[in-house]
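Chains as they are written, first to last, in this note's numbering: chain A, 12 to 329; chain B, 320 to 494; chain C, 7 to 577; chain D, -18 to 380.
In short, the hints are calculated from the structure, not lab data.
Just so you know, these numbers come straight off a predicted model, no measurement behind them.
Check the hints yourself; a few may be wrong.
[Stated by the list, open to error] Stretches of chain A that chain B covers, calculated by requiring three or more beta carbons in the stretch to come under 8 angstroms of a beta carbon on chain B:
# : region
1 : 49 to 55
2 : 86 to 99
3 : 103 to 112
[Claimed, not checked] What follows is a set of in silico ranges between Cβ atoms, one per label pair, in the way DEER data are often shown:
# : chain 1 : residue 1 : chain 2 : residue 2 : range
4 : B       : PHE371    : A       : ALA283    : 37 to 45 angstroms
5 : C       : VAL150    : A       : MET139    : 29 to 37 angstroms
6 : A       : MET139    : B       : LEU354    : 24 to 32 angstroms
7 : A       : ALA283    : B       : LEU354    : 28 to 36 angstroms
[As the list claims (entries may be wrong)] Straight-line alpha carbon distances no greater than 27 angstroms define the calculated DSS-like cross-link-like pairs of lysine-lysine that follow:
#  : chain 1 : residue 1 : chain 2 : residue 2
8  : D       : LYS226    : D       : LYS377
9  : C       : LYS363    : D       : LYS43
10 : B       : LYS401    : C       : LYS305
11 : D       : LYS285    : D       : LYS222
12 : D       : LYS276    : D       : LYS227
13 : D       : LYS327    : D       : LYS377
No residue lacks a Cβ here, since even glycine has one placed at the ideal position from N, Cα and C.
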Amino acid sequence: MSQVELSPAQAHDAENAHHDHPEWLAHHFDTPDQQNTSAKMGMWAFLGTEILMFGGLFCAYAIWRANHYDAFWIGHVYLSTAWGAINTVVLLISSFTMAWAVRAAQLNQRSLCVGLLALTFLGGCGFMVIKTIEYTGKFEHGLGPGIWYTAPAISKQLDAMAETAGTASHADAEAAPATEASGPAAAESANPVPGTSLPSSAAAPMGMVAPAPVAPVGHDMAAHSAHGHGEGHNYYAAHGHTTEDLVTARTFFSIYFGMTALHGLHVLVGMALILWVLLRARRGEFSAEFNTPVDLVGLYWHLVDLIWIFLFPLLYLI
Amino acid sequence: MSHSNEHAEHAAGHDHGEAHQHVVPLSLLSGILVLLLILTGLTVFTARELHFGEWNLVIAMIIACAKGTLVVLYFMHMRWEKMFNAIALITALIFVTLFISVSALDSFQYEDNINNYRAANPTRVPQAIISDAEVRAPELAAETGADHEAAPSTPAAPAKESHESGDGAAAPHAG
Amino acid sequence: MTTTQSSIDTIYGPDAEPNYLNAERGLWSWLTTLDHKRIGIMYLMGILGSFALGGFAAIMVRTEHLSSAATAAADQGTIMTPDTYNSMFTLHGAAMVFLFIIPGIPAALGNFILPVLLGAKDVAFPRLNLMSFYLWMGGAIFFVMALLMGGLDTGWTFYTPYSSGHSPFGGVVPAVFGAFVLGFSSILTAVNFLATMHTLRAPGMGWFEMPLFCWSLYATAVIQILATPVLAITLLLLIAERVLHVGIFDPALGGDPVLFQHFFWFYSHPAVYIMILPAMGVVSELIATYSHKEIFGYKFIAFSSLAIALLGFLVWGHHMFVSGQSALAGTIFSLITFTIAIPSAVKVFNWLATMYKGSIELTNGMLYGLSFIWVFSLGGLTGLPLATMVTDVHLHDTYFVVAHFHYVMVGGTVFAFLGGLHHWWPKMFGKMASRLGGFIAWVLIFGGFNLTFFPQFLMGSQGMPRRYWHYQPEFHVYHLISSIGAYIQLAGFITLAVVLLQSLIKGRKAAANPWGGTTLEWQTTSPPPHLNFDEANMPVAGNPYDYENIEHNADDDEYVRTRPQSTARSH
Amino acid sequence: MLNPTLHNSIGAVLANFGGRLVLPEAESNHASYYDGTFDFINYVTVFFFVAIIVVMVWFVWKYRRTAANDRAADVASHNTGLELAWSLPPLVIVVFMFYFGFSGYMKMTTIPANAYPIDVTGQKWKWTFTHPNGYTSGNLDVPADKPVVLNMHSNDVIHSMYIPVFRVKKDVVPGRYSKLWFIAENPTKNADAPLLEGDKLDSFVREKIAAEIVQELKQKDPESNPTASEDEINARLASMKPEKKKQYAVDHQLEVAAKNGHQLYCAEFCGQQHSVMLAKVIVHEPSWRAPKPVKGTPWQEGKKLFMINCSSCHRIDPSAPPNIYPDFSQGIMGATHTMADGSSVKVDENYLHESIVNPAAKVRQGPWGSNTLMPLLPLNPQQVNELVTFLKSPQKEPE
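Turn these sequences into a full structure, and let the hints steer you where they fit.
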């Protein structure tokens, strides 16, 4: 928006051949201050829209968490706090280098600015690499969003809980008439996924902690005794009855993926923008007089950081 | 933290007709980073090691808000920005709060209604898989293991006021 | 558009004085233009195309009802299957709402006229402006794709779980994605206008020297920025729900369909004000200009726009009184809904007061302005029983609601849009449109409109549900009248199109100020030059409604200012 | 705030003043306060609309631009007193509207404890009403003068229960219960008429037999225009079993009641056949009890299931209006159908069975399009068999 005016309009170039109108100042602005103020104002308004966009997901999160705390607790156990915390640190540092890059641009420190932007870009790369590791682990364990949620891991976990709490699940299953009717046909289609095992710290990627059947504070262990056992969807098909928590653990992972994927998308967009200003900075387009693009990209990057600051405790530290 | 040197830098900018910009001193930026890292450690520590139940969320959110405020004020220069930009941000936050709180308020009001239904109709998950099938063609049904024939039913089940039993009217089907 | 360019040359001649239309030549110069006026014109063409598309669907819907009514058998003699009917009303709603009404006044008229009204050379971010136009095009293309992929039948509201798991139509995902893209177009336009109004006002133009159209666009921009992102995430979640079955809105997976309605209406109710606020701004300009009198209660009108914009966010739940929303939420929403009636009423009273002791000229623009008062009053007042919790129970989802929002939106937005189009047409193209032809079109459109929608109030309150392919025989007569009205409207719109096209080719050359307007756009030539104002003739801002020293020059049919306008409004 | 009695009396006065132009008949307890509120708002609306338009037209005429009036005579641009004067009174009026609406809504949502419960299932595209004793019907039978509560739930998408003459509407949302209550005021005409007997029954049965014969003849030769001979009718009537005749009497009663019943709609768009998701409300005498469900023959049970689950899309009565879905009025056994993939299938018992339990397995070619599947019905195996038994001979029970 504050790029050099490229319009083919010969007419307006002629009209605007002011000696005091710098090349980077768009034709419709009178002063650099006006241009910079406009740009920042537009950016902040846009950041407001970003906040509201994430607001929708935060709303879904808040309502589900309030209504199904147990399910969220079960789900979050499968997220790696360590990776989450490392990612937070990576983003914070890249945010710092970005802020420093803006300062460098303001002070005409061109090579420092380029270096800092490169570091920020690397920070973004690091974040995405870690996210990829986490995502891969989730998908491997059938903990993807929506149709990719087959949840053998969670069923096993609940199974373990059920065993410690007694064998109520079987009694329960027999008690439900619907189960008997659907049993044989569904059991036939049951297709246990071989190779998916109970998550343990050895088998799982870093931080896929094997949750010992530890109940969260105020968590009623017996409530989980009826979860039964089974594999993924077929668990439901085979048992006919289910509990709130299993279904909502599925929703937890949907919300988790929704939030982190939208955030990840913003990281990618931010990285592309950083690359863009990095190249322009290398060409020496910015100066103490004109550095609005660096400033704006910085604002965007900080917003990405800001959102992660909230996502981290909400998703990883329930 | 001292602001003296950035004022000098700032003044230098002005001579060239520079837009009104604020240069944040490096020491301030680094200080903020350190604070942010400490707060991150704190949030992990409180969540993992201390058990205050519901209050854990409150503590985590207070820390997150503190971190966010630091980022906005210093990294994003909000301290030195025009009033409009702050208003834009605050308005956005107010409307997010409004949106979440009113939706949540309503949701909590009718949640009992949903729970009663779920207690009385526990077979809703297969139902979902079949409804996928309706839209996404039969192969998806096979893939997800949904089995239409398995649907048991007593469609004419008497209406029980309490709906305590599971064999109620809503047997799985694709609607 | 090459032909457009050559016709521009034919119309204005190679030696016409330079204006934005002949400043650059060729298709490429249009597609890459950063001139807000050209972007406005491109928007205008796009939204008129969408209007035609939506109008076609509307005529199909009415023809279907006409055919059932004519054969007096709801089950026979219909011209389409229920699937076709369902996709027609959905197409009508979606195209009209997302492609036409929401961008209509802000993006087409606003884009063209806002910077000129402010005395600026362009909007703050011309590139962003072009980008938002292309986003709009992209969204429109997705809608066309949705049609090609089998259409959609969810209604424009996309209610879950029907849209997320049940509708067998292939066009749901592309259409939803199209609406998502259009949302971004809308957001970028709003960001642009906001920054423009903050930083690019002409020297001497304080906030209260802005024309009221600018105030209404400001309020609109606030809504667009605060509400549209929520729609964006809602639509993304809907796509995720349909494709991945994430289970947030689908009750079969533990989701909550009423939550979707909260999400949807958090945007879509404010969106109603995105549609109506700019229209109110246009009408303020029309009434003042053609009464040749300073607008009455400037600040009340300006602040009522902002009040409507903010209160508009607190009333979304009145769409959900019978939806399973709790009585508590319903009560809150109903109460706040009533308060929003007041700023709307204030505007109507102020317009009437502006006409009092004015010198009222019944131009075609003014006719649309007055029609707006008629239909908006009726539309607004029939909103009262819908905001009242108990009466809404019976009226919800009936033709009463259909009639109500058509009175507000067609009546409101379309009439103001057409009024604004007549008002600024000379400025846009430098040509005067035929007054008689325009009058005939107005008679047909206004008459046809009332004939179409008034019977719908009656049948709705008698219990005719909306979105019904079949209906009970007792409603035949209403549907018959309604469909006849629709055809009269169609004739009116065709007449109008002919009149406007004819004016481009054969129209009399427009003077700089043909209507006696006092806002800044009338200080420049018609059509304006590339940067809106000549260097020699930079705009002078002052009281935007100072009609005292404007004299009519009968020889040129032009108004000229005899003394400089007062520097500030009179209070 | 107004006390409820006063509110009611205002409502009653307003409701009776000048008649009711645009509302349907009032048939439930909710109608009185509903109509009062509606009329109050109506009069306010008409008053303001007329006032605005009269003033507008008058101004346009009086202050039209002429040579003498070529500039505004008055340049007052604001008057705060006036602004407040026209802002505050409307505010007071709308507060009243809110109060009427609120108090009415509270009445509409406060369900009496002793209400007669009816379980309502909404499903694409039919309503099922189940009474506490297990009596199930596709129409809503309610006793007059007693509070009735509908416990509603949906098996698929959002539907909306709408009975205009009762002034009630409530969305039926999947995954939860929603409730609606009312007291129906006037019994439907002939809803509880005594069963036909003697000559009247005979003449009704004769009509039915005549239609049956005509149809049979037409099935043999579609081109012909047959009439049923008196002898044939008499013969069949004579050989008819008494239980069968009794069944005709019951059918007749239901037919008459449904014809006179109030219209019930689905008001929330629910897909292709949204506009035929209709039912009738039949109001019975206050002493009415839901009939005990009696188990009939498999064919009769199948017919019941068909009427509840299938009849909104598939026609069996040749005099009923046709629609786009497969038509069973001429019977289907033995027919050869073309499938969506071009193959053809001969209709037999297995095919019928499969089509019910797995609608996606073989989809018939037709105007409904290849992507519209018949919904899966909530039937148990026994019910499926009963339905197949019925479908094998939908016109008449095999002897």
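Hint check:
Here the region 49 to 55 of chain A counts 3 residues with a CB under 8 angstroms from a CB of chain B, which clears the bar of 3, and the coverage holds. Counting residues of the region 86 to 99 of chain A whose beta carbon lies closer than 8 angstroms to any beta carbon of chain B gives 3, which reaches the threshold of three, so the coverage claim holds. Residues of the region 103 to 112 of chain A lying with their CB closer than 8 angstroms to a CB of chain B number 7, which satisfies the three-residue condition for coverage. Distance hint for B:PHE371 and A:ALA283: a CB-CB separation of about 42 angstroms, consistent with the stated range 37 to 45 angstroms.
A C-beta distance of roughly 35 angstroms is found between C:VAL150 and A:MET139, which places it inside the suggested range of 29 to 37 angstroms. Hint check: A:MET139 to B:LEU354, Cβ distance near 26 angstroms, so the stated range 24 to 32 angstroms holds. Between A:ALA283 and B:LEU354 the beta carbons are some 30 angstroms apart, a value that agrees with the proposed interval 28 to 36 angstroms. About 13 angstroms separates the Cα atoms of D:LYS226 and D:LYS377, which keeps this hinted pair within 27 angstroms; it holds.
A C-alpha spacing of about 8 angstroms is found between C:LYS363 and D:LYS43, which places the hinted pair at or below 27 angstroms, so the restraint holds. As the CA atoms of B:LYS401 and C:LYS305 are separated by approximately 25 angstroms, the hinted pair is consistent with the 27 angstroms bound. Note on D:LYS285 and D:LYS222: the hinted pairing holds, with a Cα-Cα distance of about 20 angstroms set against a maximum of 27 angstroms. Taking the CA atoms of D:LYS276 and D:LYS227, the gap is near 15 angstroms; set against the 27 angstroms cutoff, the hint holds.
As the CA atoms of D:LYS327 and D:LYS377 are separated by approximately 21 angstroms, the hinted pair is consistent with the 27 angstroms bound.
Comparing the model with each numbered hint stated earlier shows that all of them hold.
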